[in-house]
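Build the full structure now, drawing on both the sequences and the hints.
Residue numbers (the working numbering), protein chains in the order written: chain A, 1 to 113; chain B, 1 to 114.
Treat the hints with care, as some may be off.
Stated by the list, open to error - Below, a list of computed lysine to any residue pairs in the SDA-like style, where the Cα atoms sit at most 20 Å apart:
#1 A:Lys100 - B:Ala54
#2 A:Lys57 - A:Thr20
#3 A:Lys100 - B:Phe66
#4 A:Lys71 - A:Asn32
#5 B:Lys17 - B:Glu83
#6 A:Lys100 - B:Thr30
#7 A:Lys100 - B:His29
#8 A:Lys100 - B:Thr7
#9 A:Lys100 - B:Gln41
#10 A:Lys100 - B:Val19
#11 A:Lys57 - B:Thr102
#12 B:Lys78 - B:Asp24
#13 A:Lys100 - B:Asp56
#14 B:Lys17 - B:Phe66
#15 B:Lys78 - B:Thr7
#16 A:Lys100 - B:Glu44
#17 B:Lys78 - B:Val19
#18 B:Lys11 - B:Gly85
#19 A:Lys100 - B:Thr102
#20 A:Lys100 - B:Gly51
#21 A:Lys100 - B:Thr52
#22 B:Lys78 - B:Ala88
#23 B:Lys11 - A:Asp84
#24 B:Lys78 - B:Gly51
#25 A:Lys17 - A:Asp84
#26 A:Lys100 - B:Gly59
#27 A:Lys57 - B:Asp101
#28 A:Lys57 - A:Asp67
#29 B:Lys11 - A:Lys71
#30 A:Lys100 - B:Phe45
#31 A:Lys100 - B:Pro61
#32 A:Lys100 - A:Thr20
#33 A:Lys100 - B:Asp101
#34 A:Lys100 - B:Leu60
No lab work stands behind these hints, which were simulated from the structure alone. Here the structure is a predicted model, which is why all the values come from computation and not from measurement.
Each chain, written out:
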Amino acid sequence: KNQVEQSPQSLIILEGKNCTLQCNYTVSPFSNLRWYKQDTGRGPVSLTIMTFSENTKSNGRYTATLDADTKQSSLHITASQLSDSASYICVVRFSGGYNKLIFGAGTRLAVHP
Amino acid sequence: GAGVSQTPSNKVTEKGKYVELRCDPISGHTALYWYRQSLGQGPEFLIYFQGTGAADDSGLPNDRFFAVRPEGSVSTLKIQRTERGDSAVYLCASSPQGTRDTQYFGPGTRLTVL
Chain A
1 KNQVEQSPQS LIILEGKNCT LQCNYTVSPF SNLRWYKQDT GRGPVSLTIM
51 TFSENTKSNG RYTATLDADT KQSSLHITAS QLSDSASYIC VVRFSGGYNK
101 LIFGAGTRLA VHP
Chain B
1 GAGVSQTPSN KVTEKGKYVE LRCDPISGHT ALYWYRQSLG QGPEFLIYFQ
51 GTGAADDSGL PNDRFFAVRP EGSVSTLKIQ RTERGDSAVY LCASSPQGTR
101 DTQYFGPGTR LTVL
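Take a look at the structure:
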């Protein structure tokens with residue numbers, strides 16, 4: 001079954017600290033993996049997208065890594081800010097027969113002052 | 001507008017009623033997607049349009065759900081005989097050409113079925 005599992009489910013960190021969010025997937029065949037940020041009451045906004053041949057992709061203080069062999073990805077946030085408080089959703093594109101995005105449940109991050 | 005817009009932002013209805021949710025994609029985007037997001041969950045795919053046609057409607061949960069995009073731009077998601085379990089945020093997204101592109105999401109419509 002094509003699934004995307006994220007951990008932790010929720011996380012609280014202090015402003016200025018770093019954190020890493022995990023994503024494991026069983027989607028196959030796999031085309032690309034994306035991380036989205038979703039603020040409360042808003043639609044998701046794309047942060048990064050990586051194909052199976054890419055190991056890392058950065059977007060400002062956000063760095064995503066991908067290990068296509070172990071089917072794992074991580075999103076590292078550096079020097080967190082209060083505005084980083086949001087849900088971070090890992091999305092894997094399934095490319096077998098039809099093109100569909102499979103979403104994880106997200107990690108809810110709260111950054112406290 | 002610059003982004004995807006959805007109306008209404010909130011909709012409260014009674015069980016058994018019919019509702020329509022509207023999505024205005026980014027101008028020029030040929031691909032349009034509908035998702036449903038329950039509290040604490042990631043979005044769940046419902047249907048994907050390429051132009052005027054539904055390229056993939058495998059996510060629609062049952063025949064009470066129907067979506068149209070008659071002119072290849074605005075789309076309407078229609079839910080008949082609403083049930084309390086239909087309560088969720090309905091997200092619309094668009095992308096320039098297809099599923100390989102980044103999807104740009106609207107703010108969603110929060111549907112509450114009493």
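Status of each hint after checking the structure:
The straight-line distance between the Cα atoms of lysine 100 of chain A and alanine 54 of chain B is roughly 13 Å, inside the 20 Å bound, and the hint therefore holds. The hinted pair formed by lysine 57 of chain A and threonine 20 of chain A meets the criterion: a straight-line CA distance of about 14 Å does not exceed 20 Å. Between lysine 100 of chain A and phenylalanine 66 of chain B, the direct Cα distance comes to roughly 19 Å. Compliance with the 20 Å bound is thereby established for this hinted pair. For the hint linking lysine 71 of chain A to asparagine 32 of chain A, the alpha-carbon distance of about 11 Å falls within 20 Å, and the restraint holds.
In summary, the hint linking lysine 17 of chain B to glutamate 83 of chain B is supported, as the alpha carbons are separated by about 8 Å, within the 20 Å threshold. With a C-alpha separation of about 16 Å, the suggested pairing of lysine 100 of chain A with threonine 30 of chain B holds against the 20 Å cut-off. For the hint pairing lysine 100 of chain A with histidine 29 of chain B, the CA-to-CA distance comes to about 17 Å; that is within 20 Å, so the pair holds. About 25 Å separates the Cα atoms of lysine 100 of chain A and threonine 7 of chain B, which puts this hinted pair outside 20 Å; it is violated.
About 17 Å separates the Cα atoms of lysine 100 of chain A and glutamine 41 of chain B, which keeps this hinted pair within 20 Å; it holds. At most 20 Å may separate the alpha-carbon atoms for a hinted pair to count; lysine 100 of chain A and valine 19 of chain B exceed this at roughly 26 Å. Restraint check for lysine 57 of chain A and threonine 102 of chain B: satisfied, since their Cα atoms lie roughly 15 Å apart, inside the 20 Å limit. Our distance criterion of 20 Å between C-alpha atoms is met by lysine 78 of chain B and aspartate 24 of chain B, whose separation comes to about 15 Å.
Note on lysine 100 of chain A and aspartate 56 of chain B: the hinted pairing holds, with a Cα-Cα distance of about 9 Å set against a maximum of 20 Å. Note on lysine 17 of chain B and phenylalanine 66 of chain B: the hinted pairing holds, with a Cα-Cα distance of about 14 Å set against a maximum of 20 Å. Straight-line distance between C-alpha atoms of lysine 78 of chain B and threonine 7 of chain B comes to about 13 Å, which keeps the hinted pair within the 20 Å bound. In summary, the hint linking lysine 100 of chain A to glutamate 44 of chain B is supported, as the alpha carbons are separated by about 11 Å, within the 20 Å threshold.
For the proposed pair lysine 78 of chain B and valine 19 of chain B, the alpha carbon gap of about 6 Å is at most 20 Å, so the pair holds. Our distance criterion of 20 Å between C-alpha atoms is met by lysine 11 of chain B and glycine 85 of chain B, whose separation comes to about 14 Å. A C-alpha spacing of about 13 Å is found between lysine 100 of chain A and threonine 102 of chain B, which places the hinted pair at or below 20 Å, so the restraint holds. As the CA atoms of lysine 100 of chain A and glycine 51 of chain B are separated by approximately 17 Å, the hinted pair is consistent with the 20 Å bound.
At most 20 Å may separate the alpha-carbon atoms for a hinted pair to count; lysine 100 of chain A and threonine 52 of chain B meet this at roughly 18 Å. For a cut-off of 20 Å, the pair hint linking lysine 78 of chain B to alanine 88 of chain B stands: about 14 Å separates their Cα positions. At roughly 29 Å between alpha-carbon atoms, lysine 11 of chain B and aspartate 84 of chain A are farther apart than 20 Å, so this suggested pair is violated. With a C-alpha separation of about 18 Å, the suggested pair lysine 78 of chain B and glycine 51 of chain B falls inside the 20 Å cut-off, and the hint holds.
Restraint check: the Cα-Cα separation between lysine 17 of chain A and aspartate 84 of chain A comes to about 11 Å, which is no more than 20 Å; the hinted pair holds. At roughly 10 Å between alpha-carbon atoms, lysine 100 of chain A and glycine 59 of chain B fall within 20 Å of each other, so this suggested pair holds. Between lysine 57 of chain A and aspartate 101 of chain B, the direct Cα distance comes to roughly 17 Å. Compliance with the 20 Å bound is thereby established for this hinted pair. Our distance criterion of 20 Å between C-alpha atoms is met by lysine 57 of chain A and aspartate 67 of chain A, whose separation comes to about 12 Å.
At roughly 39 Å between alpha-carbon atoms, lysine 11 of chain B and lysine 71 of chain A are farther apart than 20 Å, so this suggested pair is violated. With a C-alpha separation of about 8 Å, the suggested pair lysine 100 of chain A and phenylalanine 45 of chain B falls inside the 20 Å cut-off, and the hint holds. Restraint check: the Cα-Cα separation between lysine 100 of chain A and proline 61 of chain B comes to about 16 Å, which is no more than 20 Å; the hinted pair holds. Distance hint between lysine 100 of chain A and threonine 20 of chain A is unfulfilled; the C-alpha atoms sit about 26 Å from each other, more than 20 Å.
Straight-line distance between C-alpha atoms of lysine 100 of chain A and aspartate 101 of chain B comes to about 12 Å, which keeps the hinted pair within the 20 Å bound. Distance hint between lysine 100 of chain A and leucine 60 of chain B is fulfilled; the C-alpha atoms sit about 13 Å from each other, no more than 20 Å.
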